[in-house]
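Protein chains in written order, with this note's numbering: chain A, 1 to 435; chain B, 436 to 878.
Don't read these hints as lab results, they were simulated from the structure. All values derive from a computational prediction rather than experimental measurement. Please note: incorrect hints may appear among the correct ones.
Okay, the calculated bits of chain B under chain A, using three or more residues with CB under 8 Å as the criterion [what the hints assert, rightly or not]:
no.	region
1	456-469
2	737-746
3	791-801
Built from N, CA and C at the ideal position, the CB exists for glycine as well.
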Amino acid sequence: MSPGAKRLRPALRVEQALGLLPDIEVLAPLRALLLAASHPDERAKWSSSGPYLTVGKRAVLPAELREGMSQVLEQVQGHVGALYTACVEALECQQREDGAGAIAALRRAGGLEEEAGRLAQAKAWYEVALLLAERLPDRRPEVELLRALGGVCHALSRYAEGARYCQRGLALAEAEFDQAGAIAACEGLGLLALAQGELAGAQAWYQRGLRLAESREDAARVGQLTYRLGELLRSRGDLTAAAEYLARAHERFEAASDAAGLARTLDAQGQIDARLGRRGAALGAFREALAWRRRAPREASLEVTIRLHIAELAVDSERYLEAEEELRRAEQVAIAHNLGRQLIEIYTLMGALRGRQGEETGFVFFEQAIELCRIYGASPTTEAHVYHEYGVFRGRLGFKEEARAYLEKASGIFESLGQVAELERVQAELQRMSA
Amino acid sequence: MLAVGGDAALLQTMRRWAGEADAAVEGAPDLPRGARLLAQGRWTVVLALLGDRPDEELTWWAEALRGVEGAPRLLAVADRPSMGLVLRAEKLGVLDLLPQPLRREDFLQALHRLRSAAGEVPVPLPDVAPHGVAPYALVGQSPAMVEVYKVIARVAGSTATVLIQGESGTGKEVVARAIHLNGSVASGPFVAVNCAAIPENLLESELFGHEKGSFTGAVARRVGRFEQASGGTLFLDEIADMGLALQAKILRAVQEREIERVGGTAPIPVNVRLIAATNRDLREAVAQGRLREDLYYRLAVVIIQLPRLTERGDDLLQLIAYFVSLFAEKCGKRIEAISDRAFETLRNRPWVGNVRELRNVIERAVIVATDATLRLEHLPEELRTDEAGLPGRSPTGLLTLADAEARHIARVLAHTGGQIGAAAEILGIHRNTLTRKVREYGL
């Protein structure tokens, strides 16, 4: 074989590489590295498959993986080491009958797992810590753990279980006059109610939390809950009231120089402007949100969210090229920061975009999103959203039988999660298809 | 002009300098507030004082200005700009990258460059009569394309399998559609499958279909593309990206005119005309054992070789005119001319992505165009390069081989965002060789 021929060999693709890795947990960091180290196959950029490129079609150089491996192994070692240390520390605290110390160590371990995106593992740590906390005379650690468990259950789509934890936390915090704990529990309950489509309930919880935060003069919490109320009212369609809350939240965040808060608020404002058909204002708000996000370096995920909203805006105004460019930028950010779960959202929207353009090959984005749901252990809610959009896509292109199958799959998941609003949306789609 | 960053004193100074050139300056203290002002007004220039992450900020600004009303140009100021930053600015189409501290002459010269750019001469776009190949069109009368038309006319009437070869973006699918529409199965369906876009594990079910439940994800029975194309044409694009096992099944389907769905039990007769396309050298793929030789000979009964865009001479202006009219109509705009400088820039482009790249460039340009002439400033940033601004040019205007190599490596590195591995892959050299050359040329 000539050296030239060797150079022309097609690059190893991510989908091929992933197929070679057994689906075992110990390889999860390597899978993440594989995705982060991949790069677009330049030869494919202008080919007819270019518009359909997904992370699975990116090229991987094993030599680059080898180079990056030591850094990943260091991170894994650091993570496991921190977990072991927390365990031993908890045991030492137990030995000297320092319950609070043991709980703190276990809670820290849970936090580390949560940061690494290992939610089920984080829940296990918190549950062990909670057993210890229930035996302490000081109930504040228990309140904190209940809040953490509520949060992790929310992320795992275990909404009813999360609400039970938050309810317990709220009752305990109120009994102990722990206002900070009560505010956090109210916020958690609001988020869980919202996830289950109980908008009025969510609003009541946020308002209760806001009243407590105002009486405590907790500026940060007031800003956060005001923003949450604004977001909630936006999703309820009460755009005027939503804009008022968001303007107040903006003031609070600006006074506190909270860049991430400002970025979130502007992103929500942009969505309101988009709903009102004020495209220029919406784009301005999103761009300013991106500018604030630059001052919050840990918020790469927020950047992806904002870019997804810019892309949605472009899709709605049939500016498909701009939508695609924005989605490709979001994809780059998601891959560089190992935000695999957000890649799912990106590909789902990319698939929907292709559906609008009547391009059947757009199904590859949904297939990639489903594959990523599996790789990253995405929440059932996320998975159901993918199936919902996949169904809409198939229906749009005239494949009724498949469309129905995907919509029914989404419907089943939403029903099992008790997500009424989402369920109604899918069922309306099914009815439309039957009509 | 909108000036973002810097203190009040600098803003005052810039206002004074701008006054000398009859320009006005508004200031914003930081990036977020600059973004707010950008959305509120109509600006000709945005002057951005880059902070401690100049690369990221430069990219951010280039993105933020895309599609903004009035298409403002970016003038960046950086503390001791590196070679990498200069290349990045060039790639992003920044009007100028000035070093700190800002000097009056540099500032005024940048404004002068902006004004001279406004003096572009409009060249009327010709009327084009494209040959419709819905949803595309065949455009151009260059000798290379006329040869292609002749072969299309010859093969369309037969049922022979056709292999279309050509670089990415040369219009292989358009030619396949033209053969279909002018052939005996024109009333049947034309079904296109992009073999490279579809995940390997799904390609078989996409081509041959599947029965419900035959594998995870087979939620319903699917009729494959072979069946969909029955009585018409099946176009297999990027055929070389198919695994050997699937190639055998394709060969069987073509020879025996029957397929079997994944998870199915009975053969299904199909009657399709097959057209395949590739941007690779299939004979080399056969030599490397990546393509079955028998499949190659089955596909390559008639071969059509499509020319590169750079080989199509005057077709470029025809194609520009066609795409301008297509996208202007979609956007509800009226564009009748292209400026001399914009056309010159397009003519000097190597067009790696051929007609597809040109189409993309024109679509983006039409979106941002504000009047009846497509100007240089409307072209995407990466096209607005100023060759004269780059180092390494001799007094004769010709480059030495080393200079050319250094410039090309720098461009590829800028393209890959500095990733050595990816750049080495594109350049077709080992990463260690590239690392050595980067050091050698001081890149």
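Comparing the hints with the structure gives:
Coverage of a stretch by a chain is defined here by at least three residues with a beta carbon nearer than 8 Å to that chain's beta carbons; for the region 456-469 of chain B and chain A the count is 3, and the condition holds. Judged by the Cβ-Cβ criterion of 8 Å, the region 737-746 of chain B is not covered by chain A as claimed, because only 0 of its residues qualify and three are needed. Figure legend: the region 791-801 of chain B, annotated as covered by chain A; annotation consistent (5 residues with Cβ-Cβ distances under 8 Å, at least 3 required).
Hint 2 from the earlier list is the only one contradicted by this structure; the remaining hints agree with it.
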